[in-house]
Each structure stands twice: as C-alpha cells, then as structure tokens.
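> Please construct the entire structure, taking both the sequences and the accompanying hints into account.
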Amino acid sequence: MVAALAVQAVDPLPVAPVPVAPSAVVADEQRVPESPVVPVSPPVVPVAPVAAPQTAPVPAPVPAEPNAQKDIVVVGQSRDAGDPLRGVNAQAFGATQAVDSAVVGPVARVYKRKVPSPIRKGIHNFLYNLREPIVFVNFLLQFKPGKAAETVGRFVINSTVGAAGVIDVAKKRPFRLPRRSNGFANTLGYHGIGNGPFLFLPLVGPTTVRDLIGGTLDRLLLPTAIGSPFTDASYTVPAGVLGALDHRADFDETLKCLHDDVGDPYASSRAFYLHRRQAEIDHLHRRPPAPPPECQAALPATRIPVGAAGATETVPPPGP
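Numbered per UniProt numbering, the sequence shown finishes at 320, counting up by one with no gaps.
Among the hints, erroneous ones may be present.
Claimed, not checked - Below, simulated DSSO-like cross-link-like pairs (lysine-lysine); rule was C-alpha separation at most 27 Å, straight line: (1) 172 x 144; (2) 256 x 114; (3) 171 x 144; (4) 121 x 171; (5) 121 x 172; (6) 256 x 144; (7) 112 x 171; (8) 172 x 112; (9) 112 x 256.
What the hints assert, rightly or not - Pair by pair, the computed Cβ-Cβ distance ranges are: (10) 256 x 212: 37 to 45 Å; (11) 212 x 94: 19 to 27 Å; (12) 84 x 289: 22 to 30 Å.
I should point out that these hints are in silico values taken from the structure, not numbers from a laboratory.
All C-beta atoms in this analysis are idealised placements derived from N, C-alpha and C, irrespective of residue type, glycine included.
Below is the structure:
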C-alpha cells in the first residue's frame, strides 16, 4: 500500500497500479459486507421467546384433574349400586345377628335337636301347604295355567289324603306333583319390575323394595280372602313362631357358610339373597341362571335364608 501511494504521487496516471488498486479495494469492500453478515443471523434468536408463549397454554390438562376426581366418585357409587342404604342396612344386619346369636339361633337348634324329625317335617309341610293358594294365583298371573292346575292338584290331595298337608302325598307316586315356590314378588319380577334398593330389616332379613311389597301381598291374601282363622291371633302367633323356628333350623348350616370366616358377612348375605331371587325369576322365564356365589355353590338347593325370624321366607327355585 505505501509503495502504491508513492507511485501515485509521482505519476498520477500509472498503468500498472490501476488493476491492483481496484482489486484491493474490491477485496476490502467485499470483506466489509462479510463482517456485518455474521450478526444478521442472530435476529432469529429473539423469535424463540415468541414460540414460548404458545407452548405456555399447554397446562390445559389442569382441568382434567377435576374430571378424574369425578370419575373416582362415580366408580365409588357404582360399587354400591342397588344398595344405597348400605350403612343403615349393615347396622340392621349387625343388630339382627346379635339377636340371632343370643336367642333365635340357640332356640332353633334346641328345637331341631329335641323335636322329632317326623313332627318337624309335618309342621313344615302343613305351613307350606297353606301357601299353595298363593302359588296358584301367581302362576295364573304369570300365564302358566299348567303349573297353576298342578298346584291346585297338590293342594287338594295334600289337604285331604295328606291330613291337612302334614304329609306331602302329592309329590309321591302316582301323583308326582312337585312343590313349587311362587309369590307376588316373583310375579312382579316376571313382568319386568326391578328389585329396587336392597333392604335388610330387623327380624325380616334381606329383601328388596319389590320383594317387600310382594311378600306383604302374600301375607294379606289368605286373611283378606278367607278371614278367620288367618286373622286370629290364636293362629297367627303359633304359626309365626313355628315357621320361624322351622326356617332357622333348616338354614343353620347355610347361615354358618355365609357368616363364619367371611370378610364381610353382610355383603355375603346380600349377594346370596339377590342371586337366589334372580334365579327364581330366571327359571320362570326358562333362562339359565347366573353362576352362584362360591358359598352357595357348596349348598344344597333349599330355601333362601332371609333372617333370624324368616318372616319373608321363600322356597327353592320352581321345579321343572
């Protein structure tokens, strides 16, 4: 550069330095724009904070937490579906079991040990023969005239030849008319009326709103249609006591299976009762029943235990 300036001072129009000077200037001019090009790229960096506010709304999942809590509440409710009064029912169950353990159970076991089997069987047959008119009416309401006719035959035969029903002659040869259970609760279920809430009533035992209504109609039929002696305390009290003892004695082993060494005896009794009641209605519709609870599977097909007093006793699923 110094040499070139010296030449220019001597000869203002030199030929050789002309191409050199422009090339150097061009090189310098090219380098000048190159250096500012480097800082031009950083402006892209401030764009990143702009994207950050867009990702900030991602905490939108926060409202999902209340929904999750609601889901948990729904699951808790569905677990007790059909038993909205579980707290009250469980207390009634505990009170009933206390009375049963202290009074009813021991008396029923003494009754079973001390009263000869033929007498107990005769009392049992007599009480169930009185239910045959109820069974007959309900088979008619279920549009089953064949079974209704067989029920009438059972009642007539046992009430005459069977000594007022003390001997179940109708189930033997040559008649072979099986005993079948039926009642207004079954009729309501047969025609599509649901169980309603589950109930456990002191001295009555497990039931549902539907079965409670049906059982009440069962007990009112004979007193309303016939009157005396079914309205007299001289009949109703002894019949009620004997029926309770007979029922409790028959179900001693069943109740032990449902209550002893069981984590939740109340839930066990509820599941047993509801399954057996549904099995009766399924049988009326000729539908196969659902698999029974584990405890029930090990028991013979007998009547359903419904509490210490057996006030709403139901008999086995109807026969074929």
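> Now, for every hint given, state plainly whether the structure supports it.
Taking the hints in turn, this is what the structure says about them:
Note on residue 172 and residue 144: the hinted pairing holds, with a Cα-Cα distance of about 23 Å set against a maximum of 27 Å. For the hint linking residue 256 to residue 114, the alpha-carbon distance of about 21 Å falls within 27 Å, and the restraint holds. Straight-line distance between C-alpha atoms of residue 171 and residue 144 comes to about 20 Å, which keeps the hinted pair within the 27 Å bound. Restraint check for residue 121 and residue 171: the C-alpha separation of about 14 Å stays at or below 27 Å, so the hint holds.
Restraint check for residue 121 and residue 172: the C-alpha separation of about 15 Å stays at or below 27 Å, so the hint holds. A threshold of 27 Å between alpha carbons decides the hint, and for residue 256 with residue 144 the separation of about 37 Å lies outside it, so the pair is violated. A hinted pair counts as satisfied when its Cα atoms are at most 27 Å apart, and residue 112 with residue 171 qualifies at roughly 24 Å. As the CA atoms of residue 172 and residue 112 are separated by approximately 25 Å, the hinted pair is consistent with the 27 Å bound.
For the hint pairing residue 112 with residue 256, the CA-to-CA distance comes to about 16 Å; that is within 27 Å, so the pair holds. With their beta carbons about 26 Å apart, residue 256 and residue 212 fall outside the hinted range of 37 to 45 Å. Under the hint 19 to 27 Å, the C-beta atoms of residue 212 and residue 94, about 20 Å apart, fit the expected range. About 26 Å separates the C-beta atoms of residue 84 and residue 289, a value consistent with the hinted range of 22 to 30 Å.
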